[in-house]
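Listed in order, the protein sequences are those of chains A and B. Counting with my numbering, you get residues 1 to 252 for the letters of the first sequence. Counting with my numbering, you get residues 1 to 439 for the letters of the second sequence.
Check before you lean on any hint, since a few could be wrong.
Said to hold, decoys possible - Here are the simulated PhoX-like cross-link-like pairs (lysine-lysine), alpha carbons at most 20 Å apart as the crow flies: (1) B:K7 <-> B:K174; (2) B:K184 <-> B:K340; (3) B:K396 <-> B:K320; (4) B:K368 <-> B:K208; (5) B:K368 <-> A:K195; (6) B:K218 <-> B:K67; (7) B:K184 <-> B:K208; (8) B:K396 <-> A:K200; (9) A:K196 <-> B:K396; (10) B:K67 <-> B:K251; (11) B:K174 <-> B:K71; (12) A:K102 <-> B:K396.
Please keep in mind that the hints were generated in silico from the structure rather than gathered at the bench. Remember, predicted model here, so these are calculated numbers, not experimental data.
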Amino acid sequence: MFWGVDIGSTYTKIIGIGREKEITHHVVIPTIFNQDVIVGEYLKDKEVKMLVATGYGRHMLGDSHGAPVISEIKAHAKGAYFFHNEVKTVIDLGGQDSKVIKMGDDGGFTDFRMNDKCAAGTGKFLEIAANRLGLDMQTFAKAGFDATKELTISSMCAVFAESEVISLIAKKESLANICYGVHESIASRLASMAKKFVVKENDCIVFTGGGALNPFLHHMLELKLERKILIPAHPQLIGAVGAALSGFEVVQ
Amino acid sequence: MGVELHKDLLSSIGVDVERHAKMMGMGLAGYQTGFMSQPNRPKAMAYFDWFMSEIQAERIAEINALKAQKKPAVGTFCIFVPEEIVVGAGGACFGLCGGANPPIADAETELPRNICPLIKSAYGFKLQHTCAYTQSADFIYGETTCEAKKKTWELLGKHHPVHVMNIPHMKREKDLKMWQEEIKEFKEHIEEVTEKKLSLQEMLNGVKLINAKRDAMKRLDTLRGMHPDIMPISGKDALFISQMSFLDDPKRFTQKVNELCDELDERIKEKVSVFPENTPRIMVLGTPIAPPNWKLHTAVEGSGACIINEEGCIGHRYFKDNVDIEGVTDEDELYARLMKRYSKIDCACFTPNTGRTDKIVQMYKDRKADGVIYYTLSFCHTYNVESHLVTEALAKEGIPCLVIESDYSPEDAGQIKTRVEAFLESITFKQKAEAFANK
């Protein structure tokens with residue numbers, strides 16, 4: 001078994017693949033304290049031929065398990081390529097950062113952009129806004145479809161953006177309209193990063209990370225980039241898949 | 001420790017001794033873990049290690065001994081200061097503290113948050129009385145290279161004497177003419193401080209000293225960066241030396257850098273490298289990296305790459321040009337030569353500044369580097385905006401480039417490391433693919 005572990009800021013994703021690159025195991029668990037021990041606990045009774053770590057906690061697993069590490073960029077590139085080998089650009093929205101990856105023709109990446117040290121363009125901001133509106137993520141991620149007004153949130157900082165949300169609440173704006181505004185602000189940030197790389201009209205874009213589980217964000221991103229954007233089967237697991245595959249390639 | 005020994009002196013120049021000792025303790029601990037633990041360092045680094053231990057102690061005593069003889073002590077934030085004039089007058093010209101995070105909170109009681117961390121840090125050091133260099137300066141030399149700085153001088157002037165030099169933002173003939181007058185006025189200001197006329201010969205001697213210092217630093221830059229298969233010194237150590245070039249006595253510093261270079265010459269002959277073969281060699285561009293800001297170098301060299309050059313003001317931009325004094329017989333001619341030299345500085349405050357982009361591409365080719373990191377401090381608008389023009393030109397040349405914007409706070413160290421690692425992955429992938437294709 002070839003294992004890929006993506007220790008993200010919010011969730012830890014574990015993937016196991018077999019000899020035919022078939023996914024045999026996949027789990028998503030919240031990232032808490034001593035995550036390397038928790039991962040070790042999960043793998044205790046499994047056959048581990050190879051273990052590759054990625055994500056913010058990658059070095060933790062590298063140190064405690066001797067696992068080789070790859071960056072999230074390489075992992076997402078590899079994972080997205082595995083599912084859609086025509087991919088030219090990967091957009092990943094994680095808990096604490098967002099990235100846009102420009103792909104080479106062979107599953108490697110040639111360039112990338114990441115958000116600056118700020119939470120406004122990240123999954124964290126969606127979480128903060130949903131909490132503030134008292135909605136669970138699933139409801140929050142659909143409410144925007146019912147918007148009647150195109151609100152915008154312009155602040156470049158999550159803290160101020162939260163205040164903007166609060167002031168919209170105070171103005172008695174509808175939930176749907178506020179949800180629209182929050183998603184619009186993230187989508188336009190992601191789109192402006194992606195526009196640096198998306199060159200040709202028909203270039204394939206793949207959307208990954210926990211953010212890709214959000215249907216309204218997907219919709220807004222398609223509007224902003226004026227094309228269809230693919231979402232792989234398990235968008236949240238793509239980094240872990242990429243890690244598992246990179247280990248697979250070395251051993252095979 | 002040095003600081004302890006000079007407690008009375010530090011106290012007499014208004015340093016908050018207790019807080020200062022605490023901060024120095026942190027700085028020294030950081031240096032010890034970050035620098036002293038590097039494997040196979042050149043022996044000649046021992047001097048710079050010593051200097052670090054005396055950075056806010058023995059060196060401060062030296063500067064204050066000069067002051068006692070009525071020699072000028074000038075604190076600066078910028079490489080536009082004609083230090084030749086200060087050194088010619090027998091004084092000391094030094095960079096002021098501005099690379100640490102802790103004083104920023106204090107600075108933000110008076111300055112807005114959204115200006116560059118270097119200015120806030122420096123201002124905070126003054127408010128806290130925790131930089132012995134700032135406390136030793138007869139005056140702080142301010143310039144007009146950015147909006148935030150030029151207004152900050154007006155506030156800083158309430159806490160410390162400030163002399164502001166008007167640096168033009170274009171290099172037309174009328175701008176250069178004004179610049180030359182500014183240099184002359186700077187010299188007159190030094191004369192006011194020392195209450196003594198400064199002779200042409202004294203200034204020429206100052207030029208010779210500083211030219212020699214810049215030559216030594218150019219030599220070091222060549223040794224560390226021009227041999228693609230040997231990296232005789234780490235980028236961190238070389239950066240530290242560049243940082244110290246703004247603090248140390250120029251004559252001693254020149255000698256010590258040359259001694260180090262002799263050793264590096266030997267290392268190159270004997271093929272002694274501090275990094276394994278095929279380590280990616282990275283050039284760093286952009287804003288100044290003031291001590292103890294070692295964040296980028298730590299991330300890069302901790303991720304399996306080597307930094308072979310800093311293009312910025314604490315680095316190549318500072319020492320790339322010398323003052324030509326061949327045949328100078330009068331003061332006005334000397335000012336013209338100084339202006340000529342200083343106007344070669346390709347600071348992003350100038351518009352246009354295309355020479356910088358061309359220079360960067362050439363530097364990259366000369367060094368056969370593997371990639372470029374464009375590092376910019378948050379809210380440093382000139383370098384930040386210019387990064388777009390530079391990266392565009394680099395992309396045209398097929399040069400891999402990563403842009404990193406950061407400040408002095410430690411919280412983005414993880415994010416920076418992720419970016420650096422991914423960037424290095426893409427470079428080594430390219431190397432491997434190229435090697436494969438060439439097979």
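Cross-check of the supplied hints:
Only pairs whose Cα atoms come within 20 Å are accepted, and K7 of chain B paired with K174 of chain B is rejected, the gap being roughly 49 Å. For the proposed pair K184 of chain B and K340 of chain B, the alpha carbon gap of about 13 Å is at most 20 Å, so the pair holds. A hinted pair counts as satisfied when its Cα atoms are at most 20 Å apart, and K396 of chain B with K320 of chain B does not qualify at roughly 25 Å. Our distance criterion of 20 Å between C-alpha atoms is broken by K368 of chain B and K208 of chain B, whose separation comes to about 32 Å.
Taking the CA atoms of K368 of chain B and K195 of chain A, the gap is about 31 Å. The hint is violated against a cut of 20 Å. Proposed proximity of K218 of chain B and K67 of chain B is contradicted: the alpha carbons are some 30 Å apart, above 20 Å. Our distance criterion of 20 Å between C-alpha atoms is met by K184 of chain B and K208 of chain B, whose separation comes to about 18 Å. Between K396 of chain B and K200 of chain A, the direct Cα distance comes to roughly 18 Å. Compliance with the 20 Å bound is thereby established for this hinted pair.
Among the hinted pairs, K196 of chain A with K396 of chain B is consistent with the structure: their alpha-carbon atoms are about 14 Å apart, no more than 20 Å. Our distance criterion of 20 Å between C-alpha atoms is met by K67 of chain B and K251 of chain B, whose separation comes to about 18 Å. Proximity of K174 of chain B to K71 of chain B is assessed by CA-CA distance (about 33 Å); at most 20 Å being required, the pair is judged violated. Proposed proximity of K102 of chain A and K396 of chain B is supported: the alpha carbons are some 16 Å apart, at most 20 Å.
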